[in-house]
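Asks: Listed in order, the protein sequences are those of chains A and B.
Residues in the first sequence are numbered from 66 upward in steps of one, following the numbering used here.
Residues in the second sequence are numbered from 66 upward in steps of one, following the numbering used here.
Honestly, I wouldn't trust all of these hints.
Claimed, not checked - Simulated crosslink set (SDA-like; lysine to any residue; CA at most 20 Å straight-line):
no., chain 1, residue 1, chain 2, residue 2
1, A, LYS265, B, HIS102
2, A, LYS242, B, ALA238
3, B, LYS338, A, LYS307
4, B, LYS335, A, GLN286
5, A, LYS304, A, LYS330
6, A, LYS307, B, LYS165
7, A, LYS201, B, ASP276
8, A, LYS307, B, VAL232
9, B, LYS165, A, SER187
10, A, LYS165, A, VAL264
11, A, LYS165, A, LEU204
12, A, LYS307, B, LYS220
13, A, LYS193, A, GLU108
14, A, LYS338, B, ASN212
15, B, LYS220, B, VAL232
16, A, LYS319, A, GLY301
17, B, LYS338, A, SER187
18, A, LYS201, A, LYS165
19, A, LYS275, A, VAL264
20, A, LYS268, B, LYS69
21, B, LYS297, A, PHE219
These are calculated hints, taken from the structure and not from any lab test.
Only a predicted model underlies this, so the values are computations on that prediction, with no experimental measurement involved.
What follows is the residue order along each chain.
Number of protein chains: 2
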Amino acid sequence: MLVKKIGIVGIGLIGGSLGLAIKKYKLAKRVIGICRHRNTLQEALRRKAVDIATTDLNLLSDVDLVILATPVGVIKEIASLVSKTIRRNCIVTDVGSSKKEIVLKLEKLFCNYVGSHPLTGSHNIGVKFADPTIFKNSLCILTPTKNTSREVLFKIKELWEAVGARVDFLSPALHDKIIAFTSHLPHLVAFSLIDSLPVKYLKYSAGGLKDTTRLALSSPQLWRDIFISNHKETLGSLKQFKERISFLEWLISKRDAEGLYIFLKKIQRKRSKIL
Amino acid sequence: MLVKKIGIVGIGLIGGSLGLAIKKYKLAKRVIGICRHRNTLQEALRRKAVDIATTDLNLLSDVDLVILATPVGVIKEIASLVSKTIRRNCIVTDVGSSKKEIVLKLEKLFCNYVGSHPLTGSHNIGVKFADPTIFKNSLCILTPTKNTSREVLFKIKELWEAVGARVDFLSPALHDKIIAFTSHLPHLVAFSLIDSLPVKYLKYSAGGLKDTTRLALSSPQLWRDIFISNHKETLGSLKQFKERISFLEWLISKRDAEGLYIFLKKIQRKRSKIL
Numbered sequence: 066m067l068v069k070k071i072g073i074v075g076i077g078l079i080g081g082s083l084g085l086a087i088k089k090y091k092l093a094k095r096v097i098g099i100c101r102h103r104n105t106l107q108e109a110l111r112r113k114a115v116d117i118a119t120t121d122l123n124l125l126s127d128v129d130l131v132i133l134a135t136p137v138g139v140i141k142e143i144a145s146l147v148s149k150t151i152r153r154n155c156i157v158t159d160v161g162s163s164k165k166e167i168v169l170k171l172e173k174l175f176c177n178y179v180g181s182h183p184l185t186g187s188h189n190i191g192v193k194f195a196d197p198t199i200f201k202n203s204l205c206i207l208t209p210t211k212n213t214s215r216e217v218l219f220k221i222k223e224l225w226e227a228v229g230a231r232v233d234f235l236s237p238a239l240h241d242k243i244i245a246f247t248s249h250l251p252h253l254v255a256f257s258l259i260d261s262l263p264v265k266y267l268k269y270s271a272g273g274l275k276d277t278t279r280l281a282l283s284s285p286q287l288w289r290d291i292f293i294s295n296h297k298e299t300l301g302s303l304k305q306f307k308e309r310i311s312f313l314e315w316l317i318s319k320r321d322a323e324g325l326y327i328f329l330k331k332i333q334r335k336r337s338k339i340l
Numbered sequence: 066m067l068v069k070k071i072g073i074v075g076i077g078l079i080g081g082s083l084g085l086a087i088k089k090y091k092l093a094k095r096v097i098g099i100c101r102h103r104n105t106l107q108e109a110l111r112r113k114a115v116d117i118a119t120t121d122l123n124l125l126s127d128v129d130l131v132i133l134a135t136p137v138g139v140i141k142e143i144a145s146l147v148s149k150t151i152r153r154n155c156i157v158t159d160v161g162s163s164k165k166e167i168v169l170k171l172e173k174l175f176c177n178y179v180g181s182h183p184l185t186g187s188h189n190i191g192v193k194f195a196d197p198t199i200f201k202n203s204l205c206i207l208t209p210t211k212n213t214s215r216e217v218l219f220k221i222k223e224l225w226e227a228v229g230a231r232v233d234f235l236s237p238a239l240h241d242k243i244i245a246f247t248s249h250l251p252h253l254v255a256f257s258l259i260d261s262l263p264v265k266y267l268k269y270s271a272g273g274l275k276d277t278t279r280l281a282l283s284s285p286q287l288w289r290d291i292f293i294s295n296h297k298e299t300l301g302s303l304k305q306f307k308e309r310i311s312f313l314e315w316l317i318s319k320r321d322a323e324g325l326y327i328f329l330k331k332i333q334r335k336r337s338k339i340l
C-alpha cells in the first residue's frame with residue numbers, strides 16, 4: 066500500500082482509470098472521488114472506480130494524497146478550493162497536459178506538490194471509458210522544480226509506476242515545449258485537416274484520413290483550455306510545422322522526384338523510430 | 066465466374082490482395098501474375114495469390130481482363146508494354162491513386178479501359194501483407210469518361226463488388242480533386258509533422274502522435290510519384306489547409322476561449338461524420 070487515503074478530484078477518463086488502477090493494485094485503503102456532476106458520481110460508484118463519490122471537497126480533509134484530474138482549464142481554480150480543505154502534509158499532484166502555468170500556481174498553494182502528465186488517454190472521455198490498464202507501458206512525465214522535495218517526487222513516481230507507467234522527469238517549461246510538438250501540434254493539425262475538408266468529400270475518406278484526424282474527435286473544452294494554457298509553445302511548434310510543410314510544398318511544386326524521394330525516405334525512417 | 070483469365074501486373078499489397086480475392090471468390094479460372102522481381106513472384110506463388118507468376122508480359126496475350134497494379138509512377142510505362150501484348154478486346158483497369166494523368170494516357174492505349182481507385186491499403190506494402198478481405202466494406206472509385214463503354218464499366222464494377230467493395234463513379238478530374246483532400250493532403254501533413262519534430266522529442270510521443278503520423282510510414286517511392294502525378298490538386302488542398310490552420314493559429318494567439326470552443330466543437334461534429 067502506498068498511502069491510506071487517496072482523493073481524486075475530477076473523475077473522467079484519467080481520474081476514473083486511476084481510481085480503478087489504485088483499487089486493482091491495492092495502492093490505498095480508500096479512494097474518495099470528487100466531482101461536480103451527480104451522473105458521473107453514480108457512474109464512478111457503479112464502476113467501482115472510487116469507494117466514496119461526493120461533490121463535497123471537505124471529505125478530502127484527512128486524505129494523504131490528492132490527484133487533481135479535472136480538465137486543464139479548471140485545475141487552478143479547483144486547486145485553490147482543495148488547498149483550503151486538505152491537511153498541510155498531504156501530497157498533491159495533477160494530471161494536466163500543460164504544466165508551466167499550472168505548476169507555477171500549484172506550487173504556491175501546496176507545499177508537497179509535483180506535477181504529472183500521463184501520456185495516455187483517448188478522444189473518448191468520461192468515467193464510462195475508464196480502464197485501469199491504460200497506464201501500462203505508457204510514459205508519465207513528472208515536472209519537479211527546485212521546490213520539489215525528494216519525498217514527494219518519490220511518492221508520486223511510485224504511484225505512477227505502481228499503475229504500470231514508466232516515469233520520466235522534465236522541467237515544466239521543457240515539458241510544455243516538447244509536448245507542444247508531440248501532442249498539442251498533432252491535435253491542432255488534425256483539427257485543421259478536418260476544417261479544410263469540404264463536407265461533401267467526407268464520404269470519400271479511407272483509413273488514412275481517419276487515423277490522421279482521430280484527434281479531431283477530442284473534447285473541444287479540454288483542447289480549448291490546453292491550446293490557451295500552452296499557447297506560446299503550441300504556436301512555436303506550429304511555426305516550425307508551417308516552415309517544414311512549405312519545404313515539402315516547394316519540392317512538390319518543382320516536381321523534384323529525386324529530392325522528394327530522399328526527403329520522404331528520411332521522414333519514413335524518422336517515423337519508424339516511434340515505437 | 067467473371068472471366069476466364071485475369072492478368073495482374075504488379076503484385077504488391079493491392080495486386081496480391083486482388084489475386085487472393087479473385088481466387089477465393091472464384092472470379093476467374095486462372096490468374097496470371099506479372100512482376101519484375103523474382104522474390105515477389107515466389108512469394109506470390111507461395112501465398113497462392115496467382116496461379117502463374119512470371120516476368121514475361123507475353124503471357125498476357127490471351128487474358129480477358131488485365132489489372133495494372135504497379136506503383137503510380139510506372140503505370141503509364143508498363144501500360145505501353147502491356148498494350149502491345151494483350152488482345153484488342155481485353156478489358157483493362159488500373160488501381161492508381163491519381164487518375165487524370167493516367168486515364169488520359171491509358172484511354173489512348175486501350176479501347177476497353179476504365180480507371181479504378183480502391184480506397185484501401187496500408188503503409189505496409191508488398192505481397193507479404195496481401196489479404197483477400199481488405200476490399201470488404203471499402204469504397205472503390207471508378208473514373209469513366211465519355212470514351213468508356215457500358216460493358217467495360219459494368220464488368221469492372223462487378224469485379225470490385227465481387228471482392229467486397231462498394232463502387233462509386235467520379236470523373237478523373239473530380240477524383241483527383243477529392244482524393245487530394247481525403248488522402249494526398251493527410252499524407253503530406255503526416256510527413257511534415259514528423260519532419261517538424263525534433264528527433265530528441267520522439268520518445269515523448271503517445272498514441273495521438275502515432276495515429277496522426279502513421280501515414281508517414283508510407284512508401285517514399287509510391288508517394289513521391291503520387292504527389293508528382295497529382296501535384297496540382299495536392300498543392301490546392303494544401304493551400305486550403307494552410308489557410309485553415311492560420312485561422313486556428315489566430316484564435317489561439319488571441320486566446321479567444323469562446324471562439325476556440327465554438328470552432329473546435331464544429332470540427333469535432335464534422336469529424337464524427339466520417340464513419
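Asks: Each of the hints needs a verdict: does it hold here or not?
Replies: Results of checking the hints against the structure:
For the suggested pair LYS265 (chain A) and HIS102 (chain B), the alpha carbons sit about 41 Å apart, so the restraint of at most 20 Å is broken. With a C-alpha separation of about 42 Å, the suggested pair LYS242 (chain A) and ALA238 (chain B) falls outside the 20 Å cut-off, and the hint is violated. Proposed proximity of LYS338 (chain B) and LYS307 (chain A) is contradicted: the alpha carbons are some 27 Å apart, above 20 Å. Restraint check: the Cα-Cα separation between LYS335 (chain B) and GLN286 (chain A) comes to about 16 Å, which is no more than 20 Å; the hinted pair holds.
Note on LYS304 (chain A) and LYS330 (chain A): the hinted pairing is violated, with a Cα-Cα distance of about 23 Å set against a maximum of 20 Å. With a C-alpha separation of about 29 Å, the suggested pairing of LYS307 (chain A) with LYS165 (chain B) is violated against the 20 Å cut-off. Straight-line distance between C-alpha atoms of LYS201 (chain A) and ASP276 (chain B) comes to about 18 Å, which keeps the hinted pair within the 20 Å bound. The straight-line distance between the Cα atoms of LYS307 (chain A) and VAL232 (chain B) is roughly 37 Å, outside the 20 Å bound, and the hint therefore fails.
Between LYS165 (chain B) and SER187 (chain A) the CA atoms are separated by roughly 39 Å; this puts the pair beyond 20 Å, and the hint is violated. Among the hinted pairs, LYS165 (chain A) with VAL264 (chain A) is inconsistent with the structure: their alpha-carbon atoms are about 38 Å apart, more than 20 Å. Note on LYS165 (chain A) and LEU204 (chain A): the hinted pairing holds, with a Cα-Cα distance of about 19 Å set against a maximum of 20 Å. Restraint check for LYS307 (chain A) and LYS220 (chain B): not satisfied, since their Cα atoms lie roughly 45 Å apart, outside the 20 Å limit.
Between LYS193 (chain A) and GLU108 (chain A) the alpha-carbon distance is near 7 Å, which keeps this suggested pair within the 20 Å criterion. Distance check on the hinted pair: LYS338 (chain A) and ASN212 (chain B) sit about 48 Å apart at the alpha-carbon level, beyond 20 Å; violated. A C-alpha spacing of about 12 Å is found between LYS220 (chain B) and VAL232 (chain B), which places the hinted pair at or below 20 Å, so the restraint holds. For the given pair, LYS319 (chain A) sits about 28 Å from GLY301 (chain A) by alpha-carbon distance, which is inconsistent with the 20 Å threshold.
With a C-alpha separation of about 18 Å, the suggested pairing of LYS338 (chain B) with SER187 (chain A) holds against the 20 Å cut-off. A hinted pair counts as satisfied when its Cα atoms are at most 20 Å apart, and LYS201 (chain A) with LYS165 (chain A) does not qualify at roughly 26 Å. Our distance criterion of 20 Å between C-alpha atoms is met by LYS275 (chain A) and VAL264 (chain A), whose separation comes to about 14 Å. A threshold of 20 Å between alpha carbons decides the hint, and for LYS268 (chain A) with LYS69 (chain B) the separation of about 34 Å lies outside it, so the pair is violated.
Under the criterion of a C-alpha separation no larger than 20 Å, the hint pairing LYS297 (chain B) with PHE219 (chain A) is inconsistent with the structure, at around 56 Å.
Against the hints set out earlier in the document, violations occur for numbers 1, 2, 3, 5, 6, 8, 9, 10, 12, 14, 16, 18, 20 and 21.
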